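S.K.: Sequence:
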Amino acid sequence: MATRTRSGAAKRGAASAGGGSGSDRRSQLLSIAATLFATRGYAETTVRDIADEAGILSGSLYHHFSSKEAMLDEILRDFLSALRDRFRKIEQDSVDPRAALDELIVASFEAISATPHAVALYQAQVVALSRQPGFEYVGEFSREIEKIWLRLLVAGQRAGVFRANVDMNITYRFIRDTVWSSVRWYRPRGKYKPEAIAEQYLQVLYGGLLES
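In this text, residue positions in the sequence shown follow the working numbering: the first is 10, and each later residue adds one.
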């Protein structure tokens, strides 16, 4: 029996999950799974829940994925690898630390807008998964991303662009937590585009709240 209440994203995925190519269907099923994992909780979501949302039998899901854990793995691995690659390119192309930091923050808000459920799922599961066999890469990606940000922040500090009297390890954590926690309230279909949110954030980051 299908669940009575479906999220909007899950409904949209279910509407087309019954057709299309194999790769399209995999993407649709992953989208539905990410939505349910993020909104209901990974442990609370069953394979049958995902199948019900997709409008297919539970057994049909196993033609595409070996388990619920395999779906979680693919969602997180795709999200983290894409995010890491984008951050890495920003670092490689950077000539100005402040411009690079701007780009990292814009890229982060764009990721929140494009893949909110993957972001929410990562935030909810990162600590537990980092210690789980088969998911060690979650912690590895997180550490690699942190190093990218820290290298750019420290480079800006050494160049005299950023203040010398702040601890960049603490600064990175302030930025990371304030940016990524916005997934809890930011609505991609709302009034503000991710670029506008990033601009507001950067104004506060650089200028603060006080009038000069």
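Think of the hints as simulated: they come from the structure by calculation, not from any bench. Nothing here was measured: the structure is a model prediction, and the numbers come from that model. One or more hints might be untrue.
Listed below are the simulated SDA-like cross-link pairs for lysine to any residue, each with C-alpha atoms no more than 20 Å apart in a straight line [unchecked claim]:
{"id": "1", "residue 1": "K156", "residue 2": "S139"}
{"id": "2", "residue 1": "K77", "residue 2": "Q132"}
{"id": "3", "residue 1": "K98", "residue 2": "G165"}
{"id": "4", "residue 1": "K77", "residue 2": "L89"}
{"id": "5", "residue 1": "K200", "residue 2": "V115"}
{"id": "6", "residue 1": "K98", "residue 2": "E112"}
{"id": "7", "residue 1": "K156", "residue 2": "K202"}
{"id": "8", "residue 1": "K156", "residue 2": "V115"}
{"id": "9", "residue 1": "K156", "residue 2": "P197"}
{"id": "10", "residue 1": "K156", "residue 2": "A173"}
{"id": "11", "residue 1": "K202", "residue 2": "D105"}
{"id": "12", "residue 1": "K98", "residue 2": "A164"}
{"id": "13", "residue 1": "K98", "residue 2": "E149"}
{"id": "14", "residue 1": "K98", "residue 2": "Y51"}
{"id": "15", "residue 1": "K77", "residue 2": "A108"}
{"id": "16", "residue 1": "K77", "residue 2": "D94"}
{"id": "17", "residue 1": "K77", "residue 2": "G50"}
{"id": "18", "residue 1": "K77", "residue 2": "Y51"}
{"id": "19", "residue 1": "K156", "residue 2": "P125"}
{"id": "20", "residue 1": "K156", "residue 2": "D105"}
{"id": "21", "residue 1": "K77", "residue 2": "G165"}
{"id": "22", "residue 1": "K77", "residue 2": "A137"}
Estimated spans, in silico, between C-beta atoms of each pair [unchecked claim]:
{"id": "23", "residue 1": "P197", "residue 2": "D94", "range": "33 to 39 Å"}
{"id": "24", "residue 1": "H72", "residue 2": "P197", "range": "41 to 47 Å"}
{"id": "25", "residue 1": "R160", "residue 2": "Y201", "range": "28 to 34 Å"}
{"id": "26", "residue 1": "E149", "residue 2": "A108", "range": "39 to 45 Å"}
{"id": "27", "residue 1": "Y71", "residue 2": "R172", "range": "50 to 56 Å"}
{"id": "28", "residue 1": "Q209", "residue 2": "D87", "range": "25 to 31 Å"}
{"id": "29", "residue 1": "G143", "residue 2": "R185", "range": "21 to 27 Å"}
{"id": "30", "residue 1": "L66", "residue 2": "R107", "range": "27 to 33 Å"}
{"id": "31", "residue 1": "K200", "residue 2": "E149", "range": "32 to 38 Å"}
{"id": "32", "residue 1": "Q132", "residue 2": "D94", "range": "39 to 45 Å"}
{"id": "33", "residue 1": "E204", "residue 2": "E78", "range": "33 to 39 Å"}
{"id": "34", "residue 1": "G169", "residue 2": "G143", "range": "20 to 26 Å"}
{"id": "35", "residue 1": "L66", "residue 2": "R160", "range": "45 to 51 Å"}
Cβ coordinates follow ideal geometry from the N, Cα and C atoms, glycine included.
S.K.: Each of the hints needs a verdict: does it hold here or not?
M.R.: Quick rundown of the hints versus the structure:
1. K156 <-> S139: holds (17 Å)
2. K77 <-> Q132: Distance ~18 Å between K77 and Q132 Cα, so the pair holds.
3. K98 <-> G165: Status holds; Cα separation ~17 Å.
4. K77 <-> L89: Cα-Cα ~18 Å, so holds.
5. K200 <-> V115: Since the Cα atoms of K200 and V115 sit roughly 17 Å apart, the hinted pair holds (cutoff 20 Å).
6. K98 <-> E112: holds (10 Å)
7. K156 <-> K202: Violated, because 28 Å separates the two Cα atoms, which is more than 20 Å.
8. K156 <-> V115: holds (18 Å)
9. K156 <-> P197: The given pair, whose Cα atoms are some 28 Å apart, is violated under the 20 Å limit.
10. K156 <-> A173: holds (19 Å)
11. K202 <-> D105: violated (25 Å)
12. K98 <-> A164: holds (16 Å)
13. K98 <-> E149: With Cα atoms ~18 Å apart, K98 and E149 stay inside 20 Å; holds.
14. K98 <-> Y51: violated (32 Å)
15. K77 <-> A108: Not satisfied, since the Cα-Cα distance of roughly 40 Å exceeds 20 Å.
16. K77 <-> D94: violated (26 Å)
17. K77 <-> G50: The given pair, whose Cα atoms are some 12 Å apart, holds under the 20 Å limit.
18. K77 <-> Y51: holds (9 Å)
19. K156 <-> P125: At roughly 23 Å apart (the allowed maximum being 20 Å), P125 and K156 break the hint.
20. K156 <-> D105: With Cα atoms ~17 Å apart, K156 and D105 stay inside 20 Å; holds.
21. K77 <-> G165: It is violated: about 43 Å lies between the C-alpha atoms, which goes past 20 Å.
22. K77 <-> A137: holds (16 Å)
23. P197 <-> D94: 33 to 39 Å: About 21 Å separates the Cβ atoms of P197 and D94, which means 33 to 39 Å is violated.
24. H72 <-> P197: 41 to 47 Å: At 31 Å between Cβs, range violated.
25. R160 <-> Y201: 28 to 34 Å: holds (30 Å)
26. E149 <-> A108: 39 to 45 Å: violated (28 Å)
27. Y71 <-> R172: 50 to 56 Å: Holds: the Cβ-Cβ distance is about 55 Å, inside 50 to 56 Å.
28. Q209 <-> D87: 25 to 31 Å: holds (29 Å)
29. G143 <-> R185: 21 to 27 Å: Check passed, 25 Å falls within 21 to 27 Å.
30. L66 <-> R107: 27 to 33 Å: violated (54 Å)
31. K200 <-> E149: 32 to 38 Å: For E149 against K200, whose Cβ atoms are near 37 Å apart, the range 32 to 38 Å holds.
32. Q132 <-> D94: 39 to 45 Å: violated (20 Å)
33. E204 <-> E78: 33 to 39 Å: holds (35 Å)
34. G169 <-> G143: 20 to 26 Å: violated (45 Å)
35. L66 <-> R160: 45 to 51 Å: holds (49 Å)
Of the numbered hints given earlier, the model fails hints 7, 9, 11, 14, 15, 16, 19, 21, 23, 24, 26, 30, 32, 34; all others are met.
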